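Protein sequences appear in the order of chains A and B.
This note's numbering applies: residue 1 is where the first sequence begins, and numbers increase by one.
This note's numbering applies: residue 1 is where the second sequence begins, and numbers increase by one.
It is worth saying that the hints were derived from the structure and are not from the lab.
Note that this is a predicted model, so its numbers are computed, not measured.
Each hint should be verified, as a subset may be incorrect.
Partial list, computed: chain A residues near chain B (C-beta under 10 angstroms) [unchecked claim]:
#, residue
1, 76
2, 91
3, 129
4, 130
5, 133
6, 135
Cβ coordinates follow ideal geometry from the N, Cα and C atoms, glycine included.
Here's the letter readout for the chains.
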Amino acid sequence: MRERLNNIPITWLLPALLLAGCASPVPRAISEAPPDNPALDAVRSDAAAYESRQVRWGGEILETDNRESSTRLTVLARPLSKGGKPEYDTDDSAGRFIAIVPGFLDPQVYGDKRTITVTGTLLRNEAGKVGEFAYTYPVVQVQDYYLWPKEVVGPPPPLWYPWYYDPWYYDPWYFDRGYYHSPYYR
Amino acid sequence: MLRERLTALRGSRLLLALPLLLAACATGPRFDAAGVNRALTPKNAVAKLPAAEGTQVLWGGVILNTTNLKDSTDVEVLGYPLDTDQEPQRDQQPLGRFIFAAKGYLEPATYAKDRKVTVVGRLTRSQAGKVGESDYVYPVVTPGQLYLWPQESDYNTGGVHFGIGVGVGF
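Please model the entire structure based on the sequences and the hints provided.
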């Protein structure tokens, strides 16, 4: 047995390792939309027609409300990419919805405009208020969800300039321009 | 013969591409500024108001606060001078606050603090409010058209950058 294992060339294992590196943590229910995924505005205008239908929606978390045995997230919907990820660089939105997630979600984590994608079944429409405006929230009973990692916004990487970091880089003119040759040196 | 024609075609295609490229660079709402009173600013409008009612203004600035009312939305803006793209220049001196009263619902998470807007519309009335404990009278605009500028990222990652470096050696 051992011999047989030893006989497996390492090159056979490489593809497997490479593929493992690609494995995505995103659950399938999130990365693949249910058939005929209902549109948010259609549900908002007629919840009864879509009751208990399966949906996949996502967007920006606006409010996190911890209840006794569940967490209610108010989400501002965003268009989802093919893999179910909400677009973050847009103002495009079909409006708000409420996602009821069983159990406790820490508001310190599930808040602060983080993006989430949920799948679940449609329960009903709920009347709420934004300021004084009467708002209709479609409500999803969540089965699967995925909190997307924070988008890291950083400075652009420096231009590729290998000499900059090379401690062995030898500049033949360096000494000429050196400190002691400065006309300002006294 | 054919070859000549082909090169000519190629040249014309290049010519066609040029305006397309240039068009891609121009941004902004490009509101029709005809009929707009450019002398009115949020600061001086209040004093002229009963008379200046109905005047067309083209104002823009940075959102301070968005309030959703029953069937309209009040957005409080700190006005800034606009550049040729009608974009508010927040590095210039602000021109005072104003409110635009939009019909219906504007999402406060989208029309959020620090976002830039440009509106063209009618000056309708003044409205008394408070900034802290100070009284403040806001000119109110009923927007005909409204443009929310795309969100600015913290770092400018897009576009082409040219730099000129100056080195000093001692």
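Hints, verified against the model:
1. 76: holds, 5 angstroms
2. 91: With a minimum Cβ separation of about 5 angstroms from chain B (threshold 10 angstroms), the hint on residue 91 of chain A holds.
3. 129: Where the cut-off is 10 angstroms and the nearest Cβ of chain B is about 8 angstroms from residue 129 of chain A, the hint holds.
4. 130: holds, 5 angstroms
5. 133: With Cβ-Cβ at 4 angstroms, under 10 angstroms, it holds.
6. 135: holds, 8 angstroms
Figure legend: structure checked against the earlier numbered hints; every hint is met.
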